[in-house]
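Chemist: Chains A, B and C, in that order, give the protein sequences.
Just so we're on the same page, our numbering is the position in the first sequence counted from 1, plus 142.
Just so we're on the same page, our numbering is the position in the second sequence counted from 1, plus 127.
Just so we're on the same page, our numbering is the position in the third sequence counted from 1, plus 8.
Just so you know, the hints here were simulated from the structure itself, not pulled from any lab data.
Keep in mind the model is a prediction, meaning the values are calculated, not measured.
Check the hints yourself; a few may be wrong.
[Claimed, not checked] As a list, the in silico BS3-like pairs of lysine-lysine whose alpha-carbon atoms are at most 30 angstroms apart:
1. Lys317(B) - Lys428(A)
2. Lys239(A) - Lys130(B)
3. Lys428(A) - Lys226(B)
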Amino acid sequence: MFGKKRINFGSAGWFLLPYFLIYFVFFFLPAISIVPMSFTEWSIIGTPKFIGLENYTSIFSDRYFVKTLSNTFIYTILVTVILTVFGLLLAILLNQKLRGRGIARTIVIMPYVISSAVAGILWRWMFERNFGIINTYLQQIGLPFVGWLSDPNIALYSIVIMNIWWSVGFNTVTFLAAIQGIPEELYQAAQVDGASPFQSFLYITIPQLKPIILYVTILCAANSFQMFDEAYVMTQGGPLGSTTTLVYKSYTEAFKSFRLGYSAALSVITCAIIIIITLVQMKANKRNDT
Amino acid sequence: MTKKKTSLFFTYLLLFLVTAYYLIPIIVLVSTSLKPQGQVLSKTWEWIPRTFTLENYQYVLQQFPYLKWTMNSLIVTIGTVLITLMISLPAGYAFARLKMRGKNILFSLVMLTIMIPFFAYTPQLYLLISKMGLKNTYLGLILPMTTSGVSIFLFRQFIQQLPPDLEEAAVLDGCSSWGVFFKVILPLTKPAIITSVIFTAVKSWNNLLWPLIASSNDAVKTLPVGLSVNIFQVETGLSNQPPYGVVMAAALLSIILPVLLFVFLQRYFVQGIATTGLK
Amino acid sequence: MLKKYRFIASLLVLSLVLVSCASSAEPVESVDSSDDSEAVAEVPAEKTTIVFWNGVGAPENVVLTELVNEYNETNQDNVYVEEVILDWSTLYSKILLDFETGTPPDIMTIQQSGLFQNVDLGVLTDITDLMPEYGFAKEDFIESAWNGSFIGDKQYAVPLDLHPLALYYNVGLFEEAGLDPENPPATMEEFLAAAQELTKDTNGDGTTDQYGLGLAYSGGLPFRLWMSLLWQHEGEEILSGDNTAAAFNTEAGLESLEFLRDLVYTYKVIPEQEQSPDDDFMKGIVGMVISGPWSQFDFNTVDGLEYATAPLPVFYDQEAAWADSHMLAFPDTKDETRMAAAMSFASFLSDNSLTWTQKAGHLPVKLSVLESTEFKDLEKAQAFAVTLPNAHYYPSIKNESLVFGRDSNSPFVVLMESTLLNAMTPQEALNEVESMVNELLGQ
Numbered sequence: 143m144f145g146k147k148r149i150n151f152g153s154a155g156w157f158l159l160p161y162f163l164i165y166f167v168f169f170f171l172p173a174i175s176i177v178p179m180s181f182t183e184w185s186i187i188g189t190p191k192f193i194g195l196e197n198y199t200s201i202f203s204d205r206y207f208v209k210t211l212s213n214t215f216i217y218t219i220l221v222t223v224i225l226t227v228f229g230l231l232l233a234i235l236l237n238q239k240l241r242g243r244g245i246a247r248t249i250v251i252m253p254y255v256i257s258s259a260v261a262g263i264l265w266r267w268m269f270e271r272n273f274g275i276i277n278t279y280l281q282q283i284g285l286p287f288v289g290w291l292s293d294p295n296i297a298l299y300s301i302v303i304m305n306i307w308w309s310v311g312f313n314t315v316t317f318l319a320a321i322q323g324i325p326e327e328l329y330q331a332a333q334v335d336g337a338s339p340f341q342s343f344l345y346i347t348i349p350q351l352k353p354i355i356l357y358v359t360i361l362c363a364a365n366s367f368q369m370f371d372e373a374y375v376m377t378q379g380g381p382l383g384s385t386t387t388l389v390y391k392s393y394t395e396a397f398k399s400f401r402l403g404y405s406a407a408l409s410v411i412t413c414a415i416i417i418i419i420t421l422v423q424m425k426a427n428k429r430n431d432t
Numbered sequence: 128m129t130k131k132k133t134s135l136f137f138t139y140l141l142l143f144l145v146t147a148y149y150l151i152p153i154i155v156l157v158s159t160s161l162k163p164q165g166q167v168l169s170k171t172w173e174w175i176p177r178t179f180t181l182e183n184y185q186y187v188l189q190q191f192p193y194l195k196w197t198m199n200s201l202i203v204t205i206g207t208v209l210i211t212l213m214i215s216l217p218a219g220y221a222f223a224r225l226k227m228r229g230k231n232i233l234f235s236l237v238m239l240t241i242m243i244p245f246f247a248y249t250p251q252l253y254l255l256i257s258k259m260g261l262k263n264t265y266l267g268l269i270l271p272m273t274t275s276g277v278s279i280f281l282f283r284q285f286i287q288q289l290p291p292d293l294e295e296a297a298v299l300d301g302c303s304s305w306g307v308f309f310k311v312i313l314p315l316t317k318p319a320i321i322t323s324v325i326f327t328a329v330k331s332w333n334n335l336l337w338p339l340i341a342s343s344n345d346a347v348k349t350l351p352v353g354l355s356v357n358i359f360q361v362e363t364g365l366s367n368q369p370p371y372g373v374v375m376a377a378a379l380l381s382i383i384l385p386v387l388l389f390v391f392l393q394r395y396f397v398q399g400i401a402t403t404g405l406k
Numbered sequence: 009m010l011k012k013y014r015f016i017a018s019l020l021v022l023s024l025v026l027v028s029c030a031s032s033a034e035p036v037e038s039v040d041s042s043d044d045s046e047a048v049a050e051v052p053a054e055k056t057t058i059v060f061w062n063g064v065g066a067p068e069n070v071v072l073t074e075l076v077n078e079y080n081e082t083n084q085d086n087v088y089v090e091e092v093i094l095d096w097s098t099l100y101s102k103i104l105l106d107f108e109t110g111t112p113p114d115i116m117t118i119q120q121s122g123l124f125q126n127v128d129l130g131v132l133t134d135i136t137d138l139m140p141e142y143g144f145a146k147e148d149f150i151e152s153a154w155n156g157s158f159i160g161d162k163q164y165a166v167p168l169d170l171h172p173l174a175l176y177y178n179v180g181l182f183e184e185a186g187l188d189p190e191n192p193p194a195t196m197e198e199f200l201a202a203a204q205e206l207t208k209d210t211n212g213d214g215t216t217d218q219y220g221l222g223l224a225y226s227g228g229l230p231f232r233l234w235m236s237l238l239w240q241h242e243g244e245e246i247l248s249g250d251n252t253a254a255a256f257n258t259e260a261g262l263e264s265l266e267f268l269r270d271l272v273y274t275y276k277v278i279p280e281q282e283q284s285p286d287d288d289f290m291k292g293i294v295g296m297v298i299s300g301p302w303s304q305f306d307f308n309t310v311d312g313l314e315y316a317t318a319p320l321p322v323f324y325d326q327e328a329a330w331a332d333s334h335m336l337a338f339p340d341t342k343d344e345t346r347m348a349a350a351m352s353f354a355s356f357l358s359d360n361s362l363t364w365t366q367k368a369g370h371l372p373v374k375l376s377v378l379e380s381t382e383f384k385d386l387e388k389a390q391a392f393a394v395t396l397p398n399a400h401y402y403p404s405i406k407n408e409s410l411v412f413g414r415d416s417n418s419p420f421v422v423l424m425e426s427t428l429l430n431a432m433t434p435q436e437a438l439n440e441v442e443s444m445v446n447e448l449l450g451q
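Could you put the whole structure together from the sequences, leaning on the hints where they help?
Modeler: Structure representation (structure tokens):
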């Protein structure tokens with residue numbers, strides 16, 4: 143890979159031990175139990191009752207399941223693509239030696255620091271259909287009111303808009319950090335060879351950032367597949383189920399309906415899908431490497 | 128020359144537009160927090176309050192044990208960040224560079240933490256924490272939050288991106304693997320460490336679901352729980368609307384510390400790796 | 009090199025600080041009078057400390073906290089109440105978790121609608137025999153509230169208040185529209201006429217910017233209003249007598265639903281896709297709003313908003329309005345001393361429910377309070393008081409949270425969203441939701 147024989151740096155065991163101790167007790171033990179639980183009926187109190195595959199069959203026969211699944215996928219794809227591209231462009235912009243850069247950086251990260259509850263309330267308020275802030279201005283330039291959160295065909299995309307505002311800071315800062323890791327000599331050499339800024343972006347920045355791009359897309363995909371807070375605060379999964387995602391459904395099943403077995407089955411399905419997406423992303427990345 | 132000027136102009140224009148998109152909701156936030164309730168709910172939106180008031184801030188600070196909540200959040204956040212760094216940095220290094228049988232399977236296990244929604248196992252986790260006597264303790268709030276593999280994944284990716292020459296040189300100089308880790312890897316991964324600190328801190332600072340279930344007691348109640356239980360309700364469709372002015376004031380008070388943290392840390396993003404000794 | 013070690017050293021120092029912080033927070037066993045909370049530390053050892061879960065949610069929870077403090081300062085029962093503030097959804101899931109781990113609170117708030125489910129799961133103590141000991145008697149209470157605290161023939165809760173729906177109207181807008189604020193609408197005709205008068209274009213730009221009524225398309229209120237309209241038909245019910253099947257897909261159910269849809273799309277007196285009617289009422293965009301007594305809390309914060317209340321108009325045959333009730337329930341802790349303390353505290357809250365009414369707006373259920381002059385002085389509460397004898401709860405069923413849930417996927421929310429967003433005809437929506445409800449009841 144590096145053209146040299148790799149030197150053996152030693153064994154990994156002691157480096158991994160501290161993490162896996164905590165991992166085992168506080169993640170693995172409770173988390174793995176959702177698999178057996180998904181075959182039971184349980185409402186926290188008492189012992190779970192084994193019911194075989196009933197939870198799974200009733201999930202797949204639910205009339206809203208396909209809708210929920212497609213909501214989840216549309217949202218995940220949109221958010222992952224936009225956030226990755228936008229985050230990278232923003233990072234490059236904010237890496238330029240411009241005046242006011244520090245302030246601009248702070249402003250871009252600020253929304254991410256606001257809790258999802260407050261961000262949700264703020265946007266729900268601005269998105270209000272009747273005489274909300276955004277619609278008032280639309281009306282003034284002669285446009286009709288838009289049902290940002292109340293139109294079943296639009297609500298999901300409104301959540302995407304809010305999410306870009308709220309969470310692109312994460313990607314930007316990650317990329318910004320990674321850009322600092324690119325040796326400046328590479329750019330200097332390219333400049334000597336007469337490369338344009340765009341060319342050095344394409345042939346130096348992008349390849350150098352590859353591991354981090356993979357990191358960001360995987361994280362984005364996993365996070366947006368598990369989108370919950372935004373829908374919980376802004377739409378409660380509505381209107382007409384248009385913003386209900388798999389994870390939203392599994393939350394309400396567990397904490398509103400107390401059907402923990404059913405909720406666990408939904409989580410198992412969610413997790414299986416995310417694993418498949420991640421494997422595909424990693425495979426695609428590997429293929430590009432060779 | 129003119130070409131360079133126009134491109135500079137467009138860069139600034141872009142910077143301006145992006146900043147505006149980010150700034151406008153924040154202006155709404157700040158402006159609302161300074162308005163009395165009657166003006167917040169006026170028929171037309173006003174960017175600048177007609178009369179400025181600090182009553183929303185007063186309400187939040189006087190009616191509620193706001194400082195206590197902030198202290199609790201601070202303790203939980205610092206704890207989460209420190210433990211996460213201490214266990215994730217070595218693990219990320221090991222996954223990136225070191226050899227071990229079954230390493231890939233172990234890494235898949237780490238990735239599980241990113242893939243399973245937290246609340247899917249919250250009830251079991253709560254029952255476990257209760258049995259261990261960690262209910263309503265700082266440790267009970269911190270430890271389950273440190274298992275997230277996000278930092279390990281970041282460090283692994285970041286270290287993989289580094290050229291291995293320096294480490295090899297260090298090994299040839301007789302450094303042990305811990306020596307390489309402390310002397311070579313840690314300094315080089317500073318931007319990643321900063322990133323991880325920022326995100327772990329923000330996530331922990333704003334974490335609601337777990338503290339909501341695990342910290343009923345006022346002694347360990349964190350800021351987000353205090354805000355969204357004592358001061359307003361998050362859920363839509365409930366009987367009462369949130370008092371917007373108070374919500375925004377409380378929100379602004381709660382982001383002061385994280386924003387300061389970012390302002391302080393972001394200066395590390397200006398020095399390229401070339402200036403930290405890789406020459 | 010030095011810099012590096014300084015970094016590591018500061019990490020170590022910080023972690024030491026952390027450890028010392030963490031160890032100072034030994035497990036706080038909530039039931040014992042541990043020395044962790046400053047307030048608890050002041051309590052003499054011989055006092056019985058009980059844990060009270062206050063789940064009524066912001067902003068009303070502040071009022072309950074005041075009452076707790078008052079009790080702690082004044083009570084002669086030798087009881088200290090440690091209050092834990094939660095919101096409803098956390099309370100309902102946490103009670104199951106904490107019951108399972110053996111650390112439930114001694115007393116908690118509960119909604120009448122949530123009672124059956126918790127009794128069914130075995131969480132709550134049967135207090136039928138204890139009630140007379142602490143001076144609770146049937147004849148002191150409003151009948152509908154008292155009956156609501158029973159599941160079968162056993163009593164599980166002390167009713168604290170009742171909150172039925174009523175009509176709020178903006179006095180200023182009424183006068184502007186030439187309506188008499190002293191004579192609020194009481195029938196369907198009067199209501200429609202008032203709503204149409206209030207709907208207008210105030211700034212002359214060609215679009216309506218003031219509406220007669222505010223009604224959200226989603227959440228709990230729209231279907232509660234629809235249920236109230238259904239109950240206003242003689243002999244109509246949501247579920248069949250034994251609560252095993254849906255009974256709302258009738259002529260009356262359809263008529264009520266069509267009426268609400270027509271208010272939006274035919275009479276156009278409700279803004280389309282309305283999200284926050286309470287906000288719009290405070291802004292003066294809608295002239296009337298139908299809500300429970302809790303809305304007063306918000307409305308009173310707006311200076312210059314002059315409003316009044318009236319009983320829910322009788323749209324059909326008889327008076328009826330949806331209501332729910334806050335109650336006090338006692339998770340089964342099997343500890344008689346603390347149970348006695350909890351009952352004494354409940355009795356204090358019940359006796360002082362006037363404060364609760366004055367500050368949080370919810371209607372008292374004790375006849376002595378209802379008849380007191382202090383209560384009669386609360387002008388805006390009277391409209392709700394009129395409705396009390398005709399208040400209807402949801403039918404008592406064990407999976408209440410599924411059938412009467414307020415999430416987008418809950419049956420009655422689907423009913424209202426489909427109708428009020430015009431995605432289905434009222435008949436289609438009724439058919440769809442009837443099958444959803446029957447499916448849920450069959451489980």
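Chemist: Taking each numbered hint in turn, which are not upheld by the structure, reported in ascending numerical order?
Modeler: Violated hints: none; all satisfied.
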